[in-house]
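Please model the entire structure based on the sequences and the hints provided.
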Amino acid sequence: MLLDPGMDLTLRPMRYPDFYERYRAAIRNTWTVEEVDLHSDLADLAKMTPQERHLINRLVAFFATGDSIVANNLVLNLYQHVNAPEARLYLSRQLFEEAVHVQFYLTLLDTYLPDHDERAKAFAAVEHIPSIRDKAEFCFRWIDSLGGLRRLESQDDRRAFLLNLICFAACIEGLFFYGAFAYVYWFRSRGLLGGLATGTNWVFRDESMHMEFAFSVVDTVRAEEPELFDDKLGAQVTRMVEEAVAAELAFAADLCGEGRPGMSVEQMRRYLEYVADQRLARLGLPARYGTANPFAFMELQDVQELANFFERRVSAYQVAVEGNVTFDESF
Amino acid sequence: MTQTVAETNAGTDAGTGAGTNAGGSGQSPAERRLAIEEAAARVITDPENSRTAARLLAGLIADEAAEHGVRTFSESVAATHAAGLVAERTAAFVAAHAAELDALITAETAFEYFGLRTVYDRYLLRHPETRKVLERPQHFFLRVACGLSETVAEAAELYGLMASLSYLPSSPTLFNSGARRPQLSSCFLLDSPRDELEAIYERYGQVARLSKYAGGIGVSWTRVRSRGSLIRGTNGHSNGIVPWLRTLDSSVAAVNQGGRRKGAACVYLETWHADVEEFLELRDNTGEDARRTHNLNLANWVPDEFMRRVEADAEWSLFDPKQVPHLTDLYGAAFDEAYRAAEAEGMAVRRIPARTLYGRMMRTLAQTGNGWMTFKDAANRTSNQTARPENVIHLSNLCTEILEVTSDAETAVCNLGSVNLAAHLAPSPEGDGLDWARLRRTVRTAVRFLDRTIDLGFYPTPEAEAANRRWRPIGLGVMGLADVFFALRLPFDSPGALELSTRIAEEIALAAYGTSADLAAERGRHPSYGDTRAAGGVLHPDHYGAARSAEWDALRAKIAETGLRNSLMIAIAPTATIASIAGCYECIEPQVSNVFKRETLSGEFLQVNRYLVRDLQARGLWTPQVRDAIKRADGSVQDIPEVPADLKALYRTAWELPQKALIDLAAARTPYIDQSQSLNLFMATPTIGKLSSMYAYAWKSGLKTTYYLRSRPATRIAQTTVAQPAAASAADPDAVACSLENPEYCDACQ
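Residue numbers (this note's numbering), protein chains in the order written: chain A, 1 to 331; chain B, 332 to 1081.
In case anyone wonders, no lab produced these hints; they're calculated from the structure. Mixed in with the good hints there might be a few duds.
Claimed, not checked - Here are the computed lysine-lysine pairs in the BS3-like style, where the Cα-Cα straight-line distance is at most 27 Å:
#1 Lys1031(B) - Lys1021(B)
#2 Lys121(A) - Lys47(A)
#3 Lys463(B) - Lys47(A)
#4 Lys463(B) - Lys543(B)
#5 Lys1031(B) - Lys979(B)
#6 Lys47(A) - Lys543(B)
Written out as structure tokens, the structure is:
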């Protein structure tokens, strides 16, 4: 079984081909930070109001450390306990993607914050900005929740691991990041910060896949050991999601202040609750909030991209291509 | 069923509303903007919201212009002139005819929100300091028309076509007509620099000057020596073309086009150049960044001899142009002979299997969408400009629809405009689809004004001016073909679509050639007419045996008398921006999705296929469930049980149509396209096998050029606003693999 302790090295016969396919699909979507043009955003930043500047500065301060935290949990917990070589291939790839994201946000901060002191302060946000520190502490608590557990022997061990996995997928990648992306797309819906939005598109795409991988691990464990998924676990997950919504909401209050047209704490609350319900539904749990999505601009994220090549780089191209020259295939 | 576009998207009075602050009384500008954005964001639920948003935006624009005292057309030209934006000539013309011109502003333009938004964000003239608009959309159209007119009647004629969205000139003309520096041309094609340092740096300078004024650049690099070639002056060895192209890349990125959009260029290289393999890697996002050019587009200039060797699975020889400088100025049999002779003399740098190189080209297309396949011999063989052996086409342009001769002294130029076919649908379902008489009228007006741009335009370089005044080429194209097919219920791969599309091309060619002959009679032939095939009595369709009707005979006889004012007339450009202004599908392209977002400088815009929505509404099927299902399926209706079979066939996307049909349509219209067409091809998950079959077919079909290969991302963003499938079914690992999040590797439902 997937969570049985050990170091399985056998790829054939492959037990979980889905994980391997996810690994291959991820490779086909490689992107590099050098492809993103962030300098075009500087003109937009220059004309922002102080409240908007504040929002952006807080947001990038969160981004500065968010992906590093995820990468740490991946190494400290996920890689250790998901015992299938094909799943570990995916996690290795995910680790690379987290590194690209870290590099992207490093480049973003270097570009957006030319002042060295301001820049250093943004990187240190986890220590001195309460709304960011609280979110980080939520993450650290769950990183540490497995304690020194080296082997998932008992059912309780495995449930503890599942909570950690679900926390990072549903609450951190699936809620904290989704909240942050909404601010970026709100700016873009007003024609602002196109460079950040382009990179965010790619980060968003990657994060979506990370989340879906984690959920498919949950699905697999559920199929193998359905007895782990008792009411208590469900209640714990719901409580964790509530805590995450509250932390993200405090962050929103810090970012938005009194709010701007189209982006207020109240709207953010509804959006987060809506997203949280989606995560619970994906885990087979009842909706906690029953709130509708208030952000029409997020509808745009669901549909196909048609970039006008004069203006933005098309991000849709695949990386790996297979086959040989022939003349008789249908097209 | 037939409906004109005027009916399908009527109702938006943009720009004529007299500053009524529509729906915005008592609201702050930010709140009004928010109301507009929210209406626009709800287009997915009902396309009607697009008109609501446009109406609100029109009110906002009118009020903004009023802040600088602009209400009438003559006031707007006075204001833009005072701000130093409009030329003396235009200002004087408008001042002299103010009342007559103001009276012309009666038309109501049926803008979609995205069209009006594009006009507002990018085209309306703004005050240099306040950045407030100084004209309304209708003023903008009439200002463009006045910039190209000598009389009020002329201005009225062009304004009428633009205001009804029947015809739009290309963006440079829309940006700059009537302006101080009227750079009106879209494309510039520069011959390869000569193989020497000074020539290469001179070329960078030309590219920069042309780019500054919003032109797209095509430039060949075939004459420049390859890696390892001896440099006599220093007794060292060349590093090949890549370092030069790196410099070009930086230069193109540095010069932004009048502050409006980033510079853009495409580099052409002939397939025998010994650096071709490194050239194909220039856009990769892996490997050494010092050998990458992220801003340049790449195109292969492919001789037939190469394709024949690919077919025969033979060897292909790569040469250093320093050794074989003559090859780039030859095509057809003369090239084949010279190429084989160079091989026989052992001059090749290297030999590789032709299929290995062809496979590399296909891989580049799949990985980057770039490395466009354009065919040197097909481009030259039938061109009106290549009657004399010294006149050779060496490349196409940034969008692969322009084919004109170049040399060191002549930089080819093209002025473009496109007819909106959707605006020419016949008003009643009787007859044969289009209002042919009106289409021809539109073409005649369009050709006259495109010809006018040649004389009125400002040329950033003497090489461009020299070429354009001698050859006087224009590029009239089309947009909205997909709208016509939807309205007439013709799937792209139906025989009816092929027949109609070909007839459209022929009608346009007939009207365009006739008008150019009239212009020649009125104003004289273009100076190099004697060097064209037309002067010898051969028109472009004659090369294909496609001009055998009495009408063509009469036209041929007329041209024998009058000559032609323009050496080339037809080119189908991509029309990305002007199609969104007109609210129609781009040029000859199928739709990419029934629901898609468009990324532009002004943010992301959502579009929904209004023909599909209307059909589904008529059948009571436009429900939230169906809507979500279409979004979940990435804009496809194929696997939605509620959608009837006839609609599934009609509303296939570019990914679902056989690409052979697109190639067949393009091939059938080729006889009437004396330049070329920007033909994108689509393949969701390309493989080398499928691509090599497809491009070999395109070559055999006689296409002169192809454009992007469009493919889809291997993974995708998880949808946030569509209800997720519940986890209950996902507990089964097979069901997980079949998740809609992973369409790329799911065979279960195929």
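Verification of the supplied hints:
no. : hint                    : result
1   : Lys1031(B) - Lys1021(B) : holds (15 Å)
2   : Lys121(A) - Lys47(A)    : holds (22 Å)
3   : Lys463(B) - Lys47(A)    : holds (15 Å)
4   : Lys463(B) - Lys543(B)   : holds (24 Å)
5   : Lys1031(B) - Lys979(B)  : violated (31 Å)
6   : Lys47(A) - Lys543(B)    : holds (25 Å)
The earlier numbered hint that this structure contradicts is number 5, and it is the only one.
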